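Enquirer: Sequence:
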Amino acid sequence: MTMKWLTILQFLEIVAAYGIVTLFLPWLVLRKRFRRFSSAEQLTGYFFAGNFYIIYLVYLLQFLHISNRVTLTAGTVGPFLLVWIWKRRSKIPGVIEWVLENAERLLSGERGKKTSLVQLRGTIYRRFFRGKRKQWLNVLLELAVMGAAIAAITYVYGPNMIEAYGYKASDIPVHNYWINELDRNNIWFAGVYPYGFHIVIYYLHMVFGIKTYVLLRIFGVVQTYFVYLAMVVALKMVCKGRFTPYLGVLFYVMDIFNRNTYARFESALPQEFSMIFILTSVCMAIRFFQEFAREQKAEENEKKELDQNCRWYLIQFAIGFSLTLTIHFYGTMIAGLLCIGVAVGFCFRFARWKYFRRIMVTGILSVLLSVLPMAAGVAMGKGLQGSLYWGLSVINGGKDDETEATDSLVENTELSTISESEGTENRDGGSTVSASQVEALKKAAEEKLAEQAKEQQKPLKERLKEKFAAVRSSIRVNVMNVKPYIVEITLGSIVLLAALGSLMALLREIDFAGVIFSTAFYLLCMCCLQCASLLHLPALMDPNRCSIFLCYSVCFSWTLGADAIVHLLIRWWKRRWASNVASILTLVIAVSAVVSNGLLRKPIVVGALEDNGAIACVTNILKENKNFTWTICSANDELRMTEFYGYHYETITFLRELQDLKKNPEIIMPTQNVYFFVEKIPIDYAGSTNHKEVTVEGAEAPLPSAGGIGPYLAENRWYTMCHIYYWAQKFKELYPDEMEVYYETDSFICYRVQQNVNSPYNFAIDYGYNNPTPKAGSEEE
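Going by my numbering, the first residue of the sequence shown is number 1, and it counts up by one from there.
What the hints contain is simulated information worked out from the structure, not anything from laboratory work. All values reported here derive from a predicted model rather than from experimental measurement. Check the hints yourself; a few may be wrong.
[What the hints assert, rightly or not] Result set (EDC-like, lysine to aspartate or glutamate): computed pairs, CA atoms no more than 16 Å apart in a straight line:
1. Lys680 <-> Asp660
2. Lys211 <-> Glu13
3. Lys692 <-> Asp746
4. Lys730 <-> Asp766
5. Lys303 <-> Glu291
6. Lys297 <-> Asp255
7. Lys32 <-> Glu305
[As the list claims (entries may be wrong)] Simulated restraints, written as ranges between beta carbons of each label pair:
8. Leu503 <-> Lys354: 45 to 55 Å
9. Met380 <-> Gly710: 53 to 63 Å
10. Glu624 <-> Ala74: 27 to 37 Å
Quick reminder that beta carbons are idealized off the backbone N, C-alpha and C, glycines included.
Assemble the whole structure, with the sequences as input and the hints as a guide.
Expert: Here it is as structure tokens:
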């Protein structure tokens, strides 16, 4: 089987596994409780319940140090099975009796196979199809539109998944390492961190037996489907039209955004995974505001059911919002901005104590729910993981540019006062600051303050015009591509949404007006966050990361605006079919316009940080060999991929040992098979190698002296691969029968050495370039 077909089958396996635990099992248990809600709300509730359950199940078992396949499977299937049996306890004896009776008749020949099949077909028809023709027609139309949306997502993201097999982000090996430690029941070994994404990957690995490196290769595209469809589901909760929510997918696959806003979707990363829960969770809060208003006006006999609905929406909001923080705090920041938008859009209700009390208590409980496991980790003596300190510094607040300039001026003035001669000793007794440096710093700070004072003297109209131009330029550079007027449309959509919201309010459609106002303010907040440094606001995240969320927000906002316009045009017809026809026509016209104008995004191409041949070799090695009977000598990535199945030897470690054969006269790897991964055309890892293939000139240069993964980055990688390639050539020359080519492409070659573990080969040989000296006039890398 080729790697392409294997990747497709692995993708389908992961989709099925994740769908079973997050949709199917919750549906089995909760479908009767959720029956009174819309399909979009039910799907969201099932998805929240499934993810929440498996994440906190793993947390519990990890704290008890008993997390493994048996406990996880029992903890998953056991409760669901018990609940399912308990609910059907009165029917189970009759069902068992019916099954046994029919099996006895079939085995005794009293009933033939054909008769049994006919009866089974009749039972299925009576249960699912009789009298349900209209329902199935509606479902089939919905499935057709959803299938088209899935096809568009597949067209954009699918080809790259089956063309580039390796990890596509440099931090995935770190996440791989953290997930591997969960196998050892060693959660937060690198410090307390939102582990939701890692737990989901670990869970799928343990329960379904899918290798972690396979999940990290493919799950990025799987979660991308959920990110796109989560937008559709969220829009279905708040839109008037049935099919207009699918415009969100259409906008998101249009070729109008910069590549950096969607390239990360090819990688399995926590930030992108958290996006699934942003819109869906906050839309549950919107539904609470709408439903609670209905409860206040309802008759006494209806209030009980509506109150239960309100509680359900609040529970879903709490679970969804907590999941954003459980997975990645960037997702929580964006969800928080959307919550602020909802508070502004529904301010006429949010300001009332009955609403305010409920929503605030729910929000606080959701944060506590997600923080509780991390607080337990801190209580157990685990420190915070490094990246969380930055998050805490943002929460505590930071100085803006003007404050920093002022502080710098004050400090420099103090230093200049203390200074008396050529140098000034640091007040802590450390280094020396020259008088010229003090004056330079002081002058720079004064110039900055002078510029800011000059800026303040400009007329307000001119300042606003300059700020708007700067904001427009920043969004165009970081978010949009070269297509004209897209930035103007984005900023103009804020005004349009505000106008549509006002019109809806005048037409007494208060609930829909609140949704539109909320979205308008949310989009305004996102644009401000994208240009925070230009507006002298706290920069909560760098522009590249923010642009990903801004695109998501733009597509959501545009879709809601389009839905509002369609609704205004046909609101006078009080027929559901009119709304359905209008929404499907709008969708068809939009798709036709996008396709005919060539605005559909081309399939994305994201290069892997590992050669395809390396992944193919890892897959074959794991399949062909027993565990721990082999060693791979390669660059860094395979270390964490194969940690639980075999041994790994770093290429740079091996080459550095070869530099001094007197100190290392013997280098052995005592396993039955030893594999050497060599890139004939080194990949561009964190910078270009500037070379097409390995040459003797690279082997004649000294080995890179950088630490960590430095020898595998940019130009250094080329030198490293040149050395290992010529070592392999020399060893094959010395041992032609023992050193064989296991796998080879134009860019990659894997050598295999089969040996007797009781008498392994000594790989310490002089290959001619063990420790070359730099040539005259050249510098060592």
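Enquirer: All hints, please: hold or fail.
Expert: Structure-based check of each hint:
1. Lys680 <-> Asp660: violated, 25 Å
2. Lys211 <-> Glu13: This hinted pair holds, its Cα atoms lying about 12 Å apart.
3. Lys692 <-> Asp746: Distance ~11 Å between Lys692 and Asp746 Cα, so the pair holds.
4. Lys730 <-> Asp766: holds, 8 Å
5. Lys303 <-> Glu291: holds, 10 Å
6. Lys297 <-> Asp255: violated, 46 Å
7. Lys32 <-> Glu305: Roughly 15 Å between the alpha carbons, so the hint for Lys32 and Glu305 holds.
8. Leu503 <-> Lys354: 45 to 55 Å: For Lys354 against Leu503, whose Cβ atoms are near 28 Å apart, the range 45 to 55 Å is violated.
9. Met380 <-> Gly710: 53 to 63 Å: Violated, at about 34 Å.
10. Glu624 <-> Ala74: 27 to 37 Å: Distance hint for Glu624, Ala74 holds at roughly 33 Å.
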